[in-house]
Amino acid sequence: GAGVSQSPRYKVAKRGQDVALRCDPISGHVSLFWYQQALGQGPEFLTYFQNEAQLDKSGLPSDRFFAERPEGSVSTLKIQRTQQEDSAVYLCASSATSGPYNEQFFGPGTRLTVL
Amino acid sequence: SQQGEEDPQALSIQEGENATMNCSYKTSINNLQWYRQNSGRGLVHLILIRSNEREKHSGRLRVTLDTSKKSSSLLITASRAADTASYFCATGPSVENAGNNRKLIWGLGTSLAVNP
Numbered sequence: 001g002a003g004v005s006q007s008p009r010y011k012v013a014k015r016g017q018d019v020a021l022r023c024d025p026i027s028g029h030v031s032l033f034w035y036q037q038a039l040g041q042g043p044e045f046l047t048y049f050q051n052e053a054q055l056d057k058s059g060l061p062s063d064r065f066f067a068e069r070p071e072g073s074v075s076t077l078k079i080q081r082t083q084q085e086d087s088a089v090y091l092c093a094s095s096a097t098s099g100p101y102n103e104q105f106f107g108p109g110t111r112l113t114v115l
Numbered sequence: 116s117q118q119g120e121e122d123p124q125a126l127s128i129q130e131g132e133n134a135t136m137n138c139s140y141k142t143s144i145n146n147l148q149w150y151r152q153n154s155g156r157g158l159v160h161l162i163l164i165r166s167n168e169r170e171k172h173s174g175r176l177r178v179t180l181d182t183s184k185k186s187s188s189l190l191i192t193a194s195r196a197a198d199t200a201s202y203f204c205a206t207g208p209s210v211e212n213a214g215n216n217r218k219l220i221w222g223l224g225t226s227l228a229v230n231p
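Sequences listed follow chains P and Y, in order. For the first sequence, counting from 1, position 46 maps to 46 in my numbering; every step adds exactly one. For the second sequence, counting from 1, position 115 maps to 230 in my numbering; every step adds exactly one.
Derived by calculation from the structure, the hints in this document are not laboratory data. Cβ coordinates follow ideal geometry from the N, Cα and C atoms, glycine included. Among the hints, erroneous ones may be present.
Per the computed footprint, the stretches of chain P lying under chain Y, defined by three or more beta-carbons under 8 Å from a beta-carbon of chain Y, are [to be verified]:
#	stretch
1	15 to 25
2	103 to 110
One side of the interface only, derived from the structure: several residues of chain Y facing chain P at Cβ under 8 Å [what the hints assert, rightly or not]:
#	residue
3	L126
4	I128
5	N146
6	G157
7	L158
8	H160
9	L163
10	R165
11	R169
12	L176
13	R177
14	F203
15	W221
16	G222
17	G224
All chains should be modelled from the sequences, with the hints used to inform the complete structure.
Laid out in structure tokens, this is it:
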């Protein structure tokens, strides 16, 4: 596809359920980022992959959050035992290189609502 | 843990007027980027300015960067109703602070409304 895609676009989960959010980056993009965006706020960094290597996971809020990118393309963000405070839009972005001057291309996001 | 602060938080102007938004940040940076977000298209990259640059233009956009004041401004000239969106600045940390870190740190955004 031409851009970054994410699925599902909307997810409603009951508190305590596990969820998995998928990101398909632009083909060939080396870097992949996950962000969390609360209503009325800017994105907050969660984690960063360079190819299949997770180089930075300092933004993951707890050990209930786990991300992987096993083959260096598609990535999955998993949230275990969801809590109400996990409700947010989860954004995935990719960039072509691993260099510092990186324009990031964003997907439409997955809006997670935890009841 | 957001670094940038945009002001104003909200801005309402008439079509054809210019819009200026400001961003301040706290730590040394490698680059600063501006993004636009609206419900129709999500987050879209507008322009990137490197820490050794002072001004950059792209179409109707003009960005300035003052590293001594740790601030940037985004000017949109001759605004259109389609410019209605939230605008965010995001900073990339300097290499000496971040090594291979490529994460962007974001501000809270300016909500721009352009009235026809």
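Do the hints match the structure? See the list:
Check on the stretch 15 to 25 of chain P: 0 of its residues sit with their Cβ under 8 Å from a Cβ of chain Y, so the three-residue criterion for coverage is violated. For the stretch 103 to 110 of chain P, the proposed coverage by chain Y is satisfied: 7 residues have a C-beta within less than 8 Å of a C-beta in that chain, meeting the threshold of three. Contact between L126(Y) and chain P, as hinted, is not supported at the beta carbon level, the nearest pair being about 15 Å apart and thus beyond 8 Å. Below 8 Å, beta-carbon pairs count as interface contacts, and I128(Y) has none with chain P, the closest being about 21 Å; its hint is therefore violated.
A distance limit of 8 Å between C-beta atoms decides the matter here; for N146(Y) the minimum to chain P is near 6 Å, and the interface restraint holds. Hint status for G157(Y): holds, given a least beta-carbon distance of 5 Å to chain P, under 8 Å. Annotation: L158(Y) was flagged as interfacial toward chain P, and the flag holds, the nearest CB pair being 4 Å apart, inside 8 Å. Hint on H160(Y) holds. Least Cβ distance to chain P is approximately 5 Å, under the 8 Å limit.
Interface hint at L163(Y): satisfied, since its Cβ lies 6 Å from the closest Cβ of chain P, which is below the 8 Å cut-off. Annotation: R165(Y) was flagged as interfacial toward chain P, and the flag holds, the nearest CB pair being 7 Å apart, inside 8 Å. Here the hint on R169(Y) is broken, as its CB sits about 16 Å from the closest CB of chain P, past 8 Å. The beta carbon of L176(Y) is not positioned within 8 Å of any beta carbon in chain P (closest approach about 14 Å), and the interface hint is therefore violated.
The interface hint given for R177(Y) is violated, since its Cβ lies 18 Å from the closest Cβ of chain P, which is over the 8 Å cut-off. Interface restraint check: F203(Y) against chain P, minimum CB-CB distance 5 Å, threshold 8 Å, status holds. The criterion of a C-beta within 8 Å of any C-beta in chain P is met by W221(Y), whose closest approach is roughly 4 Å, and the hint holds. With a least beta-carbon distance of about 5 Å to chain P, the hint placing G222(Y) at the interface is held under the 8 Å criterion.
For G224(Y), the interface hint holds, the least distance from its beta-carbon to any beta-carbon of chain P being 5 Å, beneath 8 Å.
Checked against the numbered hints listed earlier, the structure breaks hints 1, 3, 4, 11, 12 and 13; every other hint is satisfied.
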